[in-house]
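The task is simple: from the sequences and hints, build the whole structure.
Residue numbers (numbering that gives the first Met the number 0), protein chains in the order written: chain A, 0 to 143; chain B, 0 to 236; chain C, 0 to 574.
Source of the hints: derived by calculation from the structure; they are not laboratory data. For every residue, glycine included, the Cβ atom is placed at its ideal position computed from N, Cα and C. Treat the hints with caution; some may be incorrect.
Listed next, with one range per pair, are the computed distances between beta-carbon atoms [to be verified]:
(1) Thr-41(A) with Leu-377(C): 51 to 57 Å
(2) Val-47(A) with Val-73(C): 56 to 62 Å
(3) Val-91(A) with Asn-143(C): 39 to 45 Å
(4) Thr-41(A) with Phe-237(C): 31 to 37 Å
(5) Val-91(A) with Phe-237(C): 28 to 34 Å
With the Cβ distance kept under 8 Å, some of the chain C side facing chain A (calculated, not the full set) [to be verified]:
(6) His-255
(7) Ile-315
(8) Gln-318
(9) Ser-319
(10) Tyr-321
(11) Gln-322
Single-letter residue listing:
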Amino acid sequence: MAEHATHSHAGGDHSHIPSGIKLFRNMIILMVLLVVTWWASTIDFGNVTINNIIALIIATIKAGFVIWTFMGVVHATKLTRVWVATGFIGMVLIFGILGDYFTRQYEPVAGWEKGPNGGASALQREWPPSKPPQPGNNNFRPRG
Amino acid sequence: MAAIAHEGMEPEGQAYNPARHHEALHHQFEDIDQQNESYLVGMWTFLVTEVMFFGALFLIYTLYRSMYLKDWFLAHEALSIPMGMVNTFVLLFSSWTVAMAVRAAQLHDRKQVLMYLSITQLCAMAFMVIKAFEYTEKFNHHLIPGPGFGSHPEYLHGANPNFAQLYFGLYFTMTGVHGIHVLVGIIVIAYLMAKWIRNSPMVTKDYIPTEMVGLYWHFVDLVWIFLFPLMYLMPKP
Amino acid sequence: MSAIPAETSLRTGAKEVEEVNYLNAEQSLKSWLITGDHKRIAILYLISVSFFFFLGSIAAGLIRYELTSPAGFVLESETYNKVFSAHGIIMVFLFLIVAIPAVLGNFLLPLQVGARDLAFPRLNLLSWYLYMIGGTLIMGGIINGGVDSGWTFYVPYSSMYANSNVAIVLVGIFIAGFSSITTGINFIVTTHKMRAPGMTWFRLPLFVWAMYATSVVIILGTPVVAITLLCVALERMFHFPIFSPELGGDPVLFQHLFWFYSHPAVYIMILPAFGVQSELIANFARKRVFGYHFIAFSTLAIAGLGFLVWGHHMFISSQSMYQSVVFSLITFLVAVPSAIKIFNWTATLYKGNIRMQTPMIYALGFIGLFTIGGLTGLFLGSIGTNIHLTNTYFIVAHFHYVMVGGAVTAFLGGLHFWWPKMTGRMYPETIAKWNAALVFIGFNLTFFPQFIVGFMGMPRRYHYYYFAPEYQPYHIMSSLGASVLALSFIVPGWYLTQSLITGKRASANPWGAHGLEWETASPPPTSNFLQTPIVLDEVYDFDPVAEHEASRSARALEVPHYDAEGTNTKETHES
Numbered sequence: 000m001a002e003h004a005t006h007s008h009a010g011g012d013h014s015h016i017p018s019g020i021k022l023f024r025n026m027i028i029l030m031v032l033l034v035v036t037w038w039a040s041t042i043d044f045g046n047v048t049i050n051n052i053i054a055l056i057i058a059t060i061k062a063g064f065v066i067w068t069f070m071g072v073v074h075a076t077k078l079t080r081v082w083v084a085t086g087f088i089g090m091v092l093i094f095g096i097l098g099d100y101f102t103r104q105y106e107p108v109a110g111w112e113k114g115p116n117g118g119a120s121a122l123q124r125e126w127p128p129s130k131p132p133q134p135g136n137n138n139f140r141p142r143g
Numbered sequence: 000m001a002a003i004a005h006e007g008m009e010p011e012g013q014a015y016n017p018a019r020h021h022e023a024l025h026h027q028f029e030d031i032d033q034q035n036e037s038y039l040v041g042m043w044t045f046l047v048t049e050v051m052f053f054g055a056l057f058l059i060y061t062l063y064r065s066m067y068l069k070d071w072f073l074a075h076e077a078l079s080i081p082m083g084m085v086n087t088f089v090l091l092f093s094s095w096t097v098a099m100a101v102r103a104a105q106l107h108d109r110k111q112v113l114m115y116l117s118i119t120q121l122c123a124m125a126f127m128v129i130k131a132f133e134y135t136e137k138f139n140h141h142l143i144p145g146p147g148f149g150s151h152p153e154y155l156h157g158a159n160p161n162f163a164q165l166y167f168g169l170y171f172t173m174t175g176v177h178g179i180h181v182l183v184g185i186i187v188i189a190y191l192m193a194k195w196i197r198n199s200p201m202v203t204k205d206y207i208p209t210e211m212v213g214l215y216w217h218f219v220d221l222v223w224i225f226l227f228p229l230m231y232l233m234p235k236p
Numbered sequence: 000m001s002a003i004p005a006e007t008s009l010r011t012g013a014k015e016v017e018e019v020n021y022l023n024a025e026q027s028l029k030s031w032l033i034t035g036d037h038k039r040i041a042i043l044y045l046i047s048v049s050f051f052f053f054l055g056s057i058a059a060g061l062i063r064y065e066l067t068s069p070a071g072f073v074l075e076s077e078t079y080n081k082v083f084s085a086h087g088i089i090m091v092f093l094f095l096i097v098a099i100p101a102v103l104g105n106f107l108l109p110l111q112v113g114a115r116d117l118a119f120p121r122l123n124l125l126s127w128y129l130y131m132i133g134g135t136l137i138m139g140g141i142i143n144g145g146v147d148s149g150w151t152f153y154v155p156y157s158s159m160y161a162n163s164n165v166a167i168v169l170v171g172i173f174i175a176g177f178s179s180i181t182t183g184i185n186f187i188v189t190t191h192k193m194r195a196p197g198m199t200w201f202r203l204p205l206f207v208w209a210m211y212a213t214s215v216v217i218i219l220g221t222p223v224v225a226i227t228l229l230c231v232a233l234e235r236m237f238h239f240p241i242f243s244p245e246l247g248g249d250p251v252l253f254q255h256l257f258w259f260y261s262h263p264a265v266y267i268m269i270l271p272a273f274g275v276q277s278e279l280i281a282n283f284a285r286k287r288v289f290g291y292h293f294i295a296f297s298t299l300a301i302a303g304l305g306f307l308v309w310g311h312h313m314f315i316s317s318q319s320m321y322q323s324v325v326f327s328l329i330t331f332l333v334a335v336p337s338a339i340k341i342f343n344w345t346a347t348l349y350k351g352n353i354r355m356q357t358p359m360i361y362a363l364g365f366i367g368l369f370t371i372g373g374l375t376g377l378f379l380g381s382i383g384t385n386i387h388l389t390n391t392y393f394i395v396a397h398f399h400y401v402m403v404g405g406a407v408t409a410f411l412g413g414l415h416f417w418w419p420k421m422t423g424r425m426y427p428e429t430i431a432k433w434n435a436a437l438v439f440i441g442f443n444l445t446f447f448p449q450f451i452v453g454f455m456g457m458p459r460r461y462h463y464y465y466f467a468p469e470y471q472p473y474h475i476m477s478s479l480g481a482s483v484l485a486l487s488f489i490v491p492g493w494y495l496t497q498s499l500i501t502g503k504r505a506s507a508n509p510w511g512a513h514g515l516e517w518e519t520a521s522p523p524p525t526s527n528f529l530q531t532p533i534v535l536d537e538v539y540d541f542d543p544v545a546e547h548e549a550s551r552s553a554r555a556l557e558v559p560h561y562d563a564e565g566t567n568t569k570e571t572h573e574s
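Pasting the structure below:
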């Protein structure tokens, strides 16, 4: 009896039962996207950035399918969606760290743009570094 | 603990409410709806922490990859794309079976739940076995970071050994942390299956425990969805 | 707060009967160690946090003793490094981050929202065990030879040049971090889902708001530092290169990731203190807190902005100057919600019927000390001044004003305020009042000279200033203040412990305070409320006229009163 009552009660939004066909279709889409990812990585667009962006977009779409259908966010409460958004915003915040590295090359102070062997700065200020640090070239103590 | 004073009691003047007498109800909750919602919110909050946990690793990866594009491409050639593909396939498939298990749990179909969970478990183990093969190969090729790294330079495919070491350091950290999550998933799914086999009302009367394990497993899958193209499928610069 | 009165187990008039409450429901040690009761876990936390605070204070005492002489006369340089690192690690990771959320928050959050327990009691117990395991590992590493990298663990100090104890300590912090995360998840779910009927978001006590904001910071920030420190530990133990400069890794990246958590961690320490502060000010000014919504939202604003300012720790770490400028600007923005809070508290005091009892003295001290700490934070947030003051004692003084003057003061104030609720006993008021004043004096004597000596150029983390003997008077002043401060921390330890046995029994609501926690017995029964309360009104619904009358009659009773024989029968009725 309790069980029966729980059914009518248990959690308005969460108790939505997904259709098996939809779940299966979702899985097939994910598999196709997996092959597409691999195929896209083999194409030469002339610039790796394009490859990277395409790979990330496909991965994000795949993630979207998993979150939306498999994890049931499509039928979830607002609060759940807020948490999904929070996770996303958190990721964006961490990636704010890259802002430091990508803006260093624009520093206008004379001499700062030079690398470790010419400038006053011990670090590479250009981005991406044309001459990555080499052991022995800088003041690096070998690992003991 | 002392008896909870009002457990099993209705607030004065209210009719008997079966949601307050659910078999799977814990003492701190008023009724099963509140408990289920709390569990779901808790699980999603936990997944947010997991996102941040992996987020930091992905950030480190992004930064170094943009710094050492060429060397990392050369170093990544040591990875086997077919193995990575099979692993991705296995995980995506297990994600589907877990979703089906949750669906079966909602329908109170114990047999199907157990079937789908077993398939998930097999997939998880297959993933770990393939991963073990990959790790062994790296070990044999001296690609484990540390003092002996790159003592057989032919396996570095011409990459700068320092930057290659950086790459493999991150490769092992990221896939290792992910692998630990898979292991935890195997343990949790085994526990859940034991509950289902023993017909425990905790899972048979309430689908939320199965749903929570499902959410965790989907998250493990999500991480791999990003790890696979980033680690295995680097375009040639 | 008007609510349909929750039945309590305390029958007025039946003083001597021992009621069944959470403390005496079960007596065995085992019943404490496997308890799921949030109140018992709070007590476990209180004991362990006090213990770690004691250990951290010993390290602080050693530092202050060493610095009285310009040439350093008790500690070797390396030992000194280890001592200040131990002080920082213990105080930050084992005391400040944990103290208010895990002790007062654990105890009060379910009571204040009208729940029987936190949402996940077993997770809560796990959190305490993780904390203890983490604490044991950290202490093990420190005792086993110590860590000399400072509490910030900057690579390559901590990876290449440090001894292996650093790995043990890092793993300990990693585990302790998960204790924070589990507490944070518990608090968030409890606030969302366990509120009593009628307890809407804007009827919640501001302490709950503060706990909620803190938990959001915890769950977003802690995982980042956990994985970062794990990477350093892997680097130390297995030579996994992640931040190693000699292999092309970037140590500055470590600083970014570390401060991405550790700046918000500052708000994990101070936001709960704000929550305590709001409760104390409202209840001892006998007035509705001024600008409830502003305080609530400024709490969330601080939590949000806290994630956008980590770079102000790195102005001199070769960070891009563009990012430095942005971080500097956002740092100034944080001052806005903080100032909103300060102004709202002072506005609450205005025309309030202020009762100068111990918690209120701590609360008033908090306003002054936190204002100084916060304003000097603005000096440090502006790039130019920062470059002059970085790594001097000015910084040390600044964050001690916020952490000790803010968080510890609020912790002590809150502990006194809720002591009758937690233990069912009153603490001795007179000595506690004097001690509160002593904390204020000792604190200022310790840390104000550090502003001056820091501005003069004394670098932090140095114990040898032989060539600048003009710093010595300030250091001696500071060390003197530290002794006073130490005394003022020992005294409450003594009288609070004693009050457990000899203290006057507390009624359910000894302060006449408002809030659901005061509607149940002191100490509360295991299930908190015998019946789930139904909330009808917001929490700070003090009636100004009635409060005024009450305070006038209380004052009238304090006037010396002579009876027919001429004997002084002065009596104070404080509550």
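A quick look at each hint next to the structure:
1. Thr-41(A) with Leu-377(C): 51 to 57 Å: Holds: the Cβ-Cβ distance is about 55 Å, inside 51 to 57 Å.
2. Val-47(A) with Val-73(C): 56 to 62 Å: holds, 59 Å
3. Val-91(A) with Asn-143(C): 39 to 45 Å: The hinted range 39 to 45 Å holds for Val-91(A) and Asn-143(C), with Cβ atoms some 41 Å apart.
4. Thr-41(A) with Phe-237(C): 31 to 37 Å: holds, 34 Å
5. Val-91(A) with Phe-237(C): 28 to 34 Å: The hint (28 to 34 Å, Cβ to Cβ) holds, given that Val-91(A) and Phe-237(C) are roughly 31 Å apart.
6. His-255: Holds - the Cβ of His-255(C) comes within 8 Å of chain A, reaching about 4 Å at its closest.
7. Ile-315: Constraint on Ile-315(C) not satisfied, violated at 12 Å.
8. Gln-318: The hint holds - Gln-318(C) has a Cβ within 8 Å of chain A, the shortest such distance being about 5 Å.
9. Ser-319: holds, 4 Å
10. Tyr-321: Tyr-321(C) check passes; min Cβ-Cβ to chain A is 4 Å, inside 8 Å.
11. Gln-322: holds, 5 Å
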